[in-house]
Each structure stands twice: as C-alpha cells, then as structure tokens.
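Colleague: So you can see what is in the structure, the chains are spelled out below.
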Amino acid sequence: MKQLGKEKLLEVKDLKVYFEIGHDKIAKAVDGVSFSINKGETVALVGESGSGKSVTSLSIMRLIPTPPGKIVGGSIELDGQDLLSYTEKNMRKVRGEDIGMIFQEPMTSLDPVFKIENQLIESIIYHQRISKKEAKQRALELLQLVGIANPEKVLHEYPHQLSGGMRQRVMIAIAMSNNPKLLIADEPTTALDVTVQAQILKLMLKMKDSFNSSILLITHDMGVVAETADRVLVMYGGQIVEEAQVKELFLNPKHPYTAALLRTIPSLEQNTRRLPSIPGNVPPAHKFPKGCRFADRCEFAMDICRESAPALGRISDGHQVRCHLPFMKGGQEIGEETRSITGSV
Amino acid sequence: MEKKQEVLLEVSNLRTYFPVKTNKLRKKTVLKAVDDITLTVFKGETLGIVGESGSGKSTLGRTILRLVEPTEGEIVFEGQHIENLKLRELQVIRNQMQVIFQDPFGSLNPRMRIEEIIEEPIKMHTRLSKIERKNRIKELIEKVGLSEEALKKFPHEFSGGQRQRIGIARALAINPKFIIADEPVSALDVSIQSQVLNLMMDLQDEFHLTYLFISHDLSVIKHISDRVAVMYLGRIVEIGTKESLYKNPLHPYTKALLSSIPVVDFENKREEIMISGELPSPVDPPVGCAFHTRCPFAMDICRLKRPQLKDKNEDQQVACFLYEEEQTIEREPNHLVEI
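These protein sequences, in sequence, are chains P and F.
Going by UniProt numbering, the first residue of the first sequence is number 1, and it counts up by one from there.
Going by UniProt numbering, the first residue of the second sequence is number 1, and it counts up by one from there.
Some clues are possibly wrong.
To be verified - Label pairs and their calculated CB-CB ranges:
hint : chain 1 : residue 1 : chain 2 : residue 2 : range
1    : F       : P296      : P       : S210      : 17 to 27 Å
2    : P       : Q137      : F       : T40       : 57 to 67 Å
3    : P       : K70       : F       : E243      : 49 to 59 Å
4    : F       : K28       : P       : Q137      : 37 to 47 Å
5    : F       : K247      : P       : K206      : 25 to 35 Å
6    : P       : S308      : F       : R113      : 38 to 48 Å
7    : F       : K247      : P       : V72       : 45 to 55 Å
8    : P       : N90       : F       : K28       : 51 to 61 Å
9    : F       : F18       : P       : N179      : 44 to 54 Å
10   : F       : F297      : P       : G32       : 50 to 60 Å
11   : F       : S186      : P       : K247      : 22 to 32 Å
12   : F       : K43       : P       : E20       : 47 to 57 Å
13   : F       : G106      : P       : Q137      : 37 to 47 Å
Claimed, not checked - Sample of chain P residues with no beta-carbon within 12 Å of chain F, all distances over it, derived:
hint : residue
14   : H23
15   : N90
16   : D209
Simulated from the structure, these hints should not be mistaken for laboratory data.
The beta-carbon is built from N, C-alpha and C at its ideal position, and this holds for glycine as well.
If we strip away everything but chain P, and leave its shape as in the complex, we get (with noise of 0.2 Å):
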C-alpha cells in the first residue's frame, strides 16, 4: 500500500482567511495558500505560531468563527467537490464522514460530561444511520483497533478516567468511526510524552492505511514530519514558503526559513555549545513587511527582498520556493553553506 497514487484528494487553491482585528485592521492569517494532498498520502504542515498553519485546516473544515474570520478567497475542493460552496447543513456531513479530526488537546475535545460509549456512538448513528445496537458493535471494534485492551470498560468510562494517551487513542477512534477520506490531525502528539508520542504516531499511520485515507498532518515538529510525511509545506507569515517531498525538504532544502528551522532542532547528535537561533519574532499577521516577510529575520536578505514579495519558483519536481536567493545567477547552496556555518561553531 505504499505506492502513491497520483489523484487527488483534496486541492486548495489562493486560499486567503482574513480576520477582522478591530480598528480597521485585518489580519492576513491565510494570504494565498495553494496546495494539494493526494490519495492515501501524508502532507505536513509545518510552521511556528501564528504562521497561519491551523488557520489553514480550520479553513478546510469550514470551522473559522465568522466573524472575526472570514475565507475572502481561493477554492477548496474535495475529491472534486467544492466545499465553500456547500451550506452548513451539507458540511455537517462532510465534517466526521469525509474529513476525520484530532486535535492537540484530548481532554478539551471530547466531552467531559458523556461516557465515551454515547461520544464514539453518536457519531456513527449520525453519519451511518444504523441501529444503536449496531453502532455499539461498531464502537468496540473500533477502540480494539486503536489499541484498547479492554474496550467494554473504556466504553463506560468518562473522559477524566482516561490517561492522555489513552484520550487521544479513543478521539483517533471517533475520527476513524466513518471511514474518512482525509484525517486532519492538529498537533496530534504535542501534549503527550515522547514513549506515548511514538505509539499515537504509529497508530495514525496504521489507520491511514487500513482506512486507505490520506493525512494532513499539523505540526511544530520537524523530526516527527520526518519520521511520518511523505510530503512537507512549511508556512510562514500566512504562506507556503517551501514545499517538497520530505526527503528532498531536510537533505536540500532552499529557503533559508526552511534551512534554519532545521538547524535550530536541538539534535541528539551535535555537539556544538551554542544552538543557531533565528533572531526575531514571526511578523504579526496585520502588519506584513512589503517584500518577503521573512526578510527581517534573514541572514541572507538583499535589497531586492526587502522591495519585492517573491512568488513561489520551481526547483525540481515537486520542490518549490518563496525566495529570491536560489533563482539569483550564481544563486548559492543554502543548505551546504548553512551546513557549513554550523560545522564551525
């Protein structure tokens, strides 16, 4: 099963989510966001805080609070289905039946007041309108699946009675419950401990295969996208700066965001005292910077960046870039050269 299919399961195109942000300022959280995820893929969306990358997400499931937010433009389409263009009642259907949710926080996205029978339950008989009965039967096979030794107790159990793990194990569950097409996981392991972490990632992954669904995959963290990813977006100041298959992103990557994210993960192997930082805060998303907004915080910046936004420009197939840097005559090697800065130290 892992051979990638070339057809496409979802495709967004020049999204843009503005928030309205009081005394005529808008936030330009999503400005431009095109990509696609393909069927049984894993696409990570990589990006600090307030880059825009659950802004994104939220957007696909159409969960942006409006107001303050609003999708101003672009296109998002499932499985050749425009989901802008569905009522709300339609996208209640989509939402649980073609796209599955986990989120960062476990305890806050399932109800503290239901048993985890009514929650696993409700789902089903909404979206498959079977008997209660035959939803049960569902419900237990489904927690066997995500691991639960003993799925009659879990059942009767309130969320509050449940490890952290074990929360996230039962919300990857009711994601699953209507075999959807696309899982959109948010942060699935941030809150977790790392012998936790690695089981939940390979949970989803086993999911995603048996389901035979794809995965966007949110996260902060590079060496779990390297690890899980087929693909990798990185976001920064509401756009997609560089994207490329996983192996490509961390061995070359080109925009000099990219490179330095990379070398700023404190790594088991290096051995150097001082960790290169980026120095500098993300922009905030009402006030971008004309040129690149990563311009500020660049080491490599030039006048031209400063003056004119780049656009995304291709590198090899499947590799693209927001950066003047690599399309310059005699454009340089951002990622030998940062290698190299870091050797040095």
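With chain P's structure known, arrange chain F on it following the hints.
Modeller: Just chain F, lined up with the frame of chain P:
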C-alpha cells in the same frame, strides 16, 4: 571539560508524599511523587532532570526550594541543612536559589508592569535604595536582551519568548547561585527555544550559575546539561554524565526514551525499542521495579524487589537488576531461567 567537584546542593533520601483520597472506599492513600531520591549538584554545572509527566521531576524541584514540604530526607545547600528551616531563615537561603517556570503566561502577574515584576524580589531580599533598584532593573532587562522600554509595559504585550526572558530577569534579580528551571522552553516555538537556551547558557557563564534543568525533552536536556538524571515514578533510574548517558544508556527505560524521540534519519534506521503502555498511576505504583510493567527485559526478581541506584562505571549509576553483580542473581537461581 574539567570536572567541577565542589558540591553546591546535596539531597539525600528525599521523599515527598501527597495524601490522596481514593474515591471508591474513601480510603486515604499517599501519592509518592518523590520517592527516596539522593543526588548531588556541583557548583557551576547543569544537572538535567528528565522524565515523563507524572514522574515527579517538578515536585523534586519544588521540594528542593521548599515550595512543597518534604515528607522525609535531607536537603543540604552549601553545607546548611534547609529541610527544617523556619520560614524566616529560609528567606535568607532562598535569595541564593531562584526558579524559572514553564508557563510564561501564568507566572507573570498580568496587572504588574515589568519593572514591578522584576523589582519585587529585589525589594524582598535586598536593601537597595530606590535608585539602585532602578539601575539594577535596567541592567537586568538589557542582560536578557530586551530594551528599556519594555519596563513600562504589561506582560500581555509580550510574546512567549519575551515573557520567558522577563522570567529569567526576575530570577537573576538578586544574584542567585542556583536556579531551578522547570520546563523553561517547553511552551516556546523551536526557533525561540534556541534563543532562550543560548541566553541561559550565556548567563550561566557570566554569573557562574548552577542550574537544575527540568524537562521532558531529551534533546533540550542533552543540549544544556553536563549531567543527566532520568526519573520514573518518583525515582531516579539512571544518572550519569551527558556523554555516557546518551551514548551508552543502561536502563531499559532510558533506552526506550532515547529511541522514541522522532529524529531526522533517512539512511540508517536506528534500533527502535518501543515500549507499550503508559506511566502507571503514581498512587498505585507497581511492586518491585516500577518499570517492570513496561520493560521488555523484565525478570522475576524485578516484580519482587526494587533495584537500588548503583555505580555501573565511573560516569553512570543505574537502578536495574540487569546490571547487578552475578552473585546477587546466583542466590536466586530460578530467575536465571527468565533471561
């Protein structure tokens, strides 16, 4: 690096228990958050404490500061016993020890200006005049890489990384020798994390600080620590120099922790030791070695007896029966079959 052998802090047989009511029979039991911990912190070093949530690492830090009262055991700071000091005497010691907390949002009073936040410990612990205090505050805020304008602002006007810098400035305000940092970078983005870690290391060099650095993140711990202690259910299962512990982890739990970190590794897939299950409840820890329920190498003896922390080599101590002298196991020949 030369070994710094001057002892700053010594903790022996420290236990911190919390009473808990179990719902079912209204029976009272105790949660052994810190269960018989002995460790030494040398001057100028960074001792990293790593463990999962519920391992007791934060309680250990708080007990050393006596923000939580120890149930039993000794805490000796610079030769002075502090486990029984009265509050007033404790104040004197506390100006040598400060703490940096994880949550840069919850740990700064939202109604105080930054200058008031940093001034508070100076007022409390020193007799500097108002002008001297002002100068000190200015000096501190610049040391942590913020500008003077920051002083007039409120915490909500800052980002997470900047708030953590303010927390650091507050901790440094009274020239402490020893700082306990409890997950100081866990709430920050990676690019900001490295800024704060670099800052902490620079300040350590400049002010000859000693850190007890508590974190769940093994990569961060590796980066900043000289020695590392691994905690599991209230106990230290392994302690050693950073180099030896990461190169040659001994305890099965340490091995599992190290192999479960997701890494960028496309060529040689490293050996993976997956452990199943999660941390058992600290209210009802397993009998014997607390890790035996998840340990792939568990033997009979592990279910009966609790291993003690013992020297394995010059640099490492481990609490595991796999490394006990053969004679110990010979005395109980049945257990050999299990291996």
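Colleague: It remains to establish, for every hint, whether it holds in the given structure.
Modeller: Hints and how they fare:
1. Checked against the hint of 17 to 27 Å, the pair F:P296 and P:S210 passes, with Cβ atoms roughly 26 Å apart.
2. The supplied range of 57 to 67 Å is met by P:Q137 and F:T40, whose beta-carbon atoms lie about 58 Å from each other.
3. Taken as a hint, the range 49 to 59 Å holds for the pair P:K70 and F:E243, whose Cβ atoms sit roughly 54 Å apart.
4. Between F:K28 and P:Q137 the C-beta distance comes to about 41 Å, which sits within the given range of 37 to 47 Å.
5. Between F:K247 and P:K206 the C-beta distance comes to about 32 Å, which sits within the given range of 25 to 35 Å.
6. In this structure, P:S308 and F:R113 meet the distance hint of 38 to 48 Å, their C-beta atoms being roughly 41 Å apart.
7. Taking the beta carbon of each, F:K247 and P:V72 are about 54 Å apart, inside 45 to 55 Å as hinted.
8. Between P:N90 and F:K28, the C-beta spacing of about 55 Å keeps the proposed range 51 to 61 Å intact.
9. Separation of F:F18 from P:N179 is about 45 Å and conforms to the stated range, judged on CB atoms against 44 to 54 Å.
10. Between F:F297 and P:G32, the C-beta spacing of about 54 Å keeps the proposed range 50 to 60 Å intact.
11. A C-beta distance of roughly 29 Å is found between F:S186 and P:K247, which places it inside the suggested range of 22 to 32 Å.
12. In this structure the supplied range 47 to 57 Å holds for F:K43 paired with P:E20, their Cβ-Cβ distance being about 55 Å.
13. Taking 37 to 47 Å as the suggested C-beta distance range, the pair F:G106 and P:Q137 conforms, at roughly 45 Å.
14. Every Cβ of chain F is farther than 12 Å from the Cβ of P:H23; the closest lies at roughly 16 Å, confirming the non-interface assignment.
15. At the 12 Å boundary, the C-beta of P:N90 stays outside the reach of chain F, the nearest C-beta of that chain being 37 Å off.
16. Listed as outside the interface, P:D209 is consistent with that label: its C-beta sits roughly 18 Å from the nearest C-beta of chain F, beyond the 12 Å cut-off.
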